[in-house]
Amino acid sequence: MIALRHQEPAVVHGDFTMLLPDDERIYAFTRRYGRTVLLVVGNFTGDTASALMPAGWDGAELVMGNGPSVPPRPGRLVLAPWEARVHRRDD
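Anchor point for the sequence shown: position 17 equals 243 in this note's numbering, and the numbering is continuous, going up by one each time.
If you are wondering where the hints come from, they were derived from the structure by calculation, not from laboratory data.
It cannot be assumed that every hint is accurate.
[To be verified] Derived Cβ-Cβ restraints for the label pairs, each shown as a range:
| hint | residue 1 | residue 2 | range |
| --- | --- | --- | --- |
| 1 | H239 | R299 | 27 to 35 Å |
| 2 | M244 | G301 | 27 to 35 Å |
| 3 | V238 | G301 | 16 to 24 Å |
| 4 | H239 | P307 | 15 to 23 Å |
| 5 | G272 | H239 | 32 to 40 Å |
| 6 | R299 | T243 | 20 to 28 Å |
| 7 | D273 | V238 | 31 to 39 Å |
| 8 | R299 | Q233 | 12 to 20 Å |
| 9 | Q233 | G272 | 25 to 33 Å |
| 10 | D316 | E250 | 14 to 22 Å |
Even for Gly, the Cβ is constructed at its ideal location relative to N, Cα and C.
Based on the provided sequences and hints, a complete structural model is requested.
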């Protein structure tokens, strides 16, 4: 994560947007800087958790994660217990 902070300006300088504020299992947010957008998601439970995938993120590049990831389902975030991921796309 420290390396990503040094390599990706969106981590430090990007605008923060909270996603899924009422979900008690999944913490999710985006950071946007210039054309780059990062989607950061984490499952803070010991069970598999899922939620609707924000629009435009199906097939986005996986930058890092602590997988093994649960196979993706179109339109849904599916996270293994305690899994966290960072996805990137350019708008």
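A quick look at each hint next to the structure:
Checked against the hint of 27 to 35 Å, the pair H239 and R299 passes, with Cβ atoms roughly 32 Å apart. Between M244 and G301 the beta carbon distance is about 20 Å. The supplied range of 27 to 35 Å is therefore violated. One distance hint, 16 to 24 Å for the beta-carbon pair V238 and G301, is violated here, with the actual separation near 30 Å. For H239 paired with P307, a C-beta distance near 32 Å fails the hint of 15 to 23 Å.
Checked against the given bound of 32 to 40 Å, the beta carbons of G272 and H239, roughly 34 Å apart, stay inside it. The given range of 20 to 28 Å is respected by R299 and T243, whose C-beta atoms sit roughly 23 Å from each other. Under the hint 31 to 39 Å, the C-beta atoms of D273 and V238, about 33 Å apart, fit the expected range. The supplied range of 12 to 20 Å is broken by R299 and Q233, whose beta-carbon atoms lie about 29 Å from each other.
The hinted range of 25 to 33 Å is satisfied by Q233 and G272, whose Cβ atoms lie roughly 31 Å apart. Taking 14 to 22 Å as the suggested C-beta distance range, the pair D316 and E250 does not conform, at roughly 32 Å.
This entry does not satisfy hints 2, 3, 4, 8 and 10, going by the numbered hints stated previously.
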